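Each chain, letter by letter, is given below.
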Amino acid sequence: MSGELLINAVVSGLLIGGFYAAVALGLSITFGYLEIVNIAHPTFVIFGSYVTYIINLNFGLDPVISGLVFAPVFFILGMALYRFYYTSFEKAGQESLNGLAFFFGLMFTIEVLLILVYGVDYRLVNAPYIGETWHIGFVDFPLRLTVPFVIGTTMALGVYFFLSKTFLGRAIKAVSQDRLALQLMGADPIKVKQYALGIAIATAAVAGSLLIIIGPVEPSVGRLYIGRVFAIVVLGGMGSVGGTLTAALLIGVIESFVATFYGPSWAPAVSFGLLFVTLALRPQGMFGRA
Amino acid sequence: MFTNFVMKRRLVALGGMLAAALFLAQIFTPTTTRAAEPLKIGFSMALTGALAGAGKAALIAMEIWRADVNKAGGLLGRQVEFVYYDDATSPSKVPGIYTKLLNVDKVDLVVSSYGTNEISPAMPIVMRKGLVFMSLFGLAVNERFNYDRYFQIMPAGPVPKEDWSRGFFDLAMAQGDKPKTIALLAEDAEFARNAVSGARINAKKVGLNIVYDKTFPFGSSDLTPVIRAIKSSGADLVYIGSYPHGSVGLVKAANELGLKAKMFGGGMVGLQFAAIQKNLGPLLNNVVNYDFWVPEPTLKFEGVEAFLAKYQAAAKGKKVDPLGHYLPPYAYAYMQILGQAVNKVGSLDQKAIAEHIHATTFKTVVGNVSFGKNGEWAQTRTLQVQFRDLKPNNLDQFTKAGSRVVLYPKSVKSGEIVYPYK
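Respectively, the protein sequence lines represent chains E and H.
Heads up: the first sequence is residues 551 to 840, going by the working numbering.
Heads up: the second sequence is residues 530 to 951, going by the working numbering.
For the record, the hints were derived by calculation from the structure and aren't laboratory data.
Since the model is a prediction, treat every value here as computed from it, not as a measurement.
Ideal Cβ positions, reconstructed from N, Cα and C, are used throughout, including at glycine.
Treat the hints with care, since some could be wrong.
To be verified - On the chain H side, residues computed to face chain E include the following (Cβ under 10 Å):
hint, residue
1, LEU576
2, GLY578
3, GLY582
4, PHE745
5, SER750
6, ALA758
7, HIS774
8, VAL777
9, GLY778
10, ASN784
Stated by the list, open to error - Residues on chain E that point at chain H, a partial pick, calculated with CB under 8 Å:
hint, residue
11, SER552
12, ALA559
13, THR683
Same shape as in the complex, but just chain H (with noise of 0.2 Å):
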């Protein structure tokens, strides 16, 4: 019986050793045999909401980036996770979203949101961390703040307000019939006030009379009055800044009406989106307006087909833009240039990180990118695209070159200008 006693003692002698043995192994093993932890990228995006349409085609982009990024090693030798919250297109929610991501959710790095009125309210929060932030499709956002870790993705130009609408003054001057007098018109939220603020500069600069320059409510239902103020105006040019729902009520009241106009378009939202193509179809015919990737001869860049083949496949059945044009590629680009850089710095510094985005021409899909002191694109390339000879009810046209005739910048021009508009 002594002697039982005496094993049992020795047994649980030995089994506490070897457990004290292996638990000093776990400590003092290096991390490079331990799973490394996932490295988070924290945003809000509108996945509700106004804009919720793109908000998330650009999610389903920014996952197809990151299913690529892992397939190929992850960043640091980390598998990239996502930590995202829905903004539902309000600007109000955003602060809030930021200050959980950094401060509960503890996130590596943060991307922003879609759209000027959702990328503002984050930067205090970004700024007072000192974070890079590489943001998506925001217009002249960093005026004011000013701050060097800011970067666009949407290729506004070192003069984003101004450079946003060059291009449409730049066609409308060039004609020979030229025109006198401009109308402006700005749905009431920033991106909308900032486009259109642009073009009284530009429209100032190149000697035209504005002879209409007014807002409309967000959401508004009926924008039938205000065209046929602007008919009654007499503006050659009208330039307007608007969002999807603005955008469709004023180019069928344009149509309704029987607006006469040398140029009609500009800077509105939506008429980039499949479903609205479709939807309005011949009554875009001869509108000029901006957009930022269509698929003409002259913007095949490296890799942009087959991104867009994957997302084509990747949103079928989400009830998404199908073709994913407008926002997908660049929020695709913006996620492949932080990736770029964070491995290229070989850690997570964001004064390294920032420094090294400012100072290199970054190669992605929507071809290549650099930045300049402000973190807009060192050179604009904000397209002006005229809709051509389009047919009712018919998605397929717009994958096709021809429906969408890129009449500017130069280097990737692809037609010439139907004018005047009506």
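In isolation and in its complexed conformation, chain E is listed as follows (with noise of 0.2 Å):
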């Protein structure tokens, strides 16, 4: 096994696993702070690339700029969202099943209204750095993923710090564990609910921006993220964004070495494999409340 290869490997993961924290960050906030499973985030994502490329395709805007300019759209997107939600289904108690369906749904109506507006082909977009890779001795680090990953890394620790450190945070952080003690405290847990899907749904622009960066998008490839995100989400721990960023990495990481080593055919195995062990043995996740 040679060293050069193997840390590459290792910075190859950490590159993928930053981009894969940008993309699970939304679903983090909804499934673990707010219980929604949001099965429709993936597709989300993929709005939020379409999104950047036509702002990249007539303005030649920087798509991570492109991102972060439509993030407070989206975040709008969000907290219109959760009111809808809220008034269908969670104030009659139909959260669970019905509130599932309505994701479903979600999904699927956005990736047709892409193909209708957008059509069927790929989507790619142009920077200056697309294609460029900084060596630093024998590590190679392509910008096509390090961008990617210093946004998506910056972003969840941007995410994990404001959850932490400010009273809207810490209410996002109270809702899902009482919230009764919560309006004790003088906060709405609706609006509360609302600003976190609206800022679940804003990390959704800014991760579709660097999804297609990093490669072609159609319609139909927020799909092959819904198993990723949720293991991500899951393995991290329910309600804890830095277990989030955490699993992402690890994640990338063992993909990136197994991929190297031994075939990227097992990568998806040995990643779900550590799923699987780690839920065994701790079932609320690596840093999930106990």
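Join these two chains into a complex; the hints should help.
In structure tokens:
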């Protein structure tokens, strides 16, 4: 086993792991704190990719900047989505099965709308750093993956500190633990959840811009990520953004290591195998609440 | 009053006799005087999913054929109608679709969807009904079925798995600086595995040492570790079977990591699609990959340019491949062959149609086509093309000769190879 190859495999894994963290972050908030099984989250990521594509194509704006510029729009969309979900399902106590069906329907609706508006051809973006590589000694940092890593981990850390250090952030963490206590503290749980889903969907906009930097996108690509993002959130621990980031990086490194030394076809089996072993030993995930 | 009653009864009787006469006339009127029912051709097509970009382009080409043939009077004097459903590039949907087409929609003829993975699942259903099955770009599908009414429009050749990559190896072994080692990589899907399986056979035949031989999951996000492993194997040749998402990731990773090889490419789907070609641009330079039609002077078959002009006009605003070089000419051709055969036989007798297709060389927009016993082309015409001198973000360069030079087969060669790749 060559040391050079090993170190590059680890670095590769960390880079893609940072991107996985960006994709899984929103689900970590909705699934972990709001207990909403938002199966449509990867589709929102794809929606973000298409918004990035249109801005990049028509205005030449950098993909990452496009994602950041549109994040507030997605935030408002997320808030509106929660309001609808609460009124239709949560208020009537029907969030478990009907809510899940709603998000399934939303996933297919968004996908079909993307097909109708943008067609089915693959979409890619241009940016000066796509195709360039930094070399530090024998270690390669393809910028196509490095930029998503930097943005993804920065966003994850940003959300982590927001949830830990701000009143609203702590309220979001509290709403899943004890809603009544939160109300007694003077916070409206409905508004808090609204902001939470808004933040989750906003992260999808940014994750979408990173996805289309890494590779081509067409409307059904989101389905490739459903299993992986849920695995990352569960492995990291429900209600733990730090756990999601750690799990994403870990899965990225494991996939990269296995792909390099044993063959890429084994990579998903090994990373999902890790998930099963972890859940067998620690059902709440690596950093979840017991 | 009595007279009025009698008159009324006579009028009613007269009306009844007239109605009966008209009714009987309807039944006994010869069929040639009635409007002919449409002739229905059924198929599934990838209109969503990973291969939808090409599938939608194929459908446009098929609709052009339908319009052309209906303008000329249809098939057997009947206007042609399509009955089709989206298989979403999902093999599991295909059997249900073809069962419905045959048992519920009662189509008169069937053709295939696009791609190996979507053609194979339809075979048992089609075979049970004894139908002629014109198919669109399936690699070695009939190898195990051995169905004598299967016909493949993709010009793979009589031994499709091996003929598919034969050109790549013939080119490599003809070089002065002969390669000694090869890396084989296949995406986990039937087409890619078939392509690489054939490459494996060819590699052993020419005495190459296989130093890397792996598969990767469909839709993988990052293929940098794979390219790094191939780079560290030091392979002289890199032969890949992949789908668009994987093809883009591999080409980008190869450039980012500075992969050096004598030849790189082979069976990468997606490098024929306009949007991907435009985006990858110079990253494709010197890649040697398969293709079936490019705008080189050696491939100006009768009718192909006129067809492409029609296609490009029809594709405007439909958010599909604007150039239509890859699948559309062959989608038009496979319908041409079916149509010509049906009209020549003069009926929908599937056995007679199949026998006619086996015995005939057809003139189509992709040149003369004749089939061997297994329904594959009697001679391979899978091109090996090399991307040359590409500029970034420029679609127009792909409409001109010289951007994709044909290296193989000799009969349509348009230039010499640039060797090594990097």
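Hint check, failures only: Going through the list in order, the structure violates no hint and respects every one.
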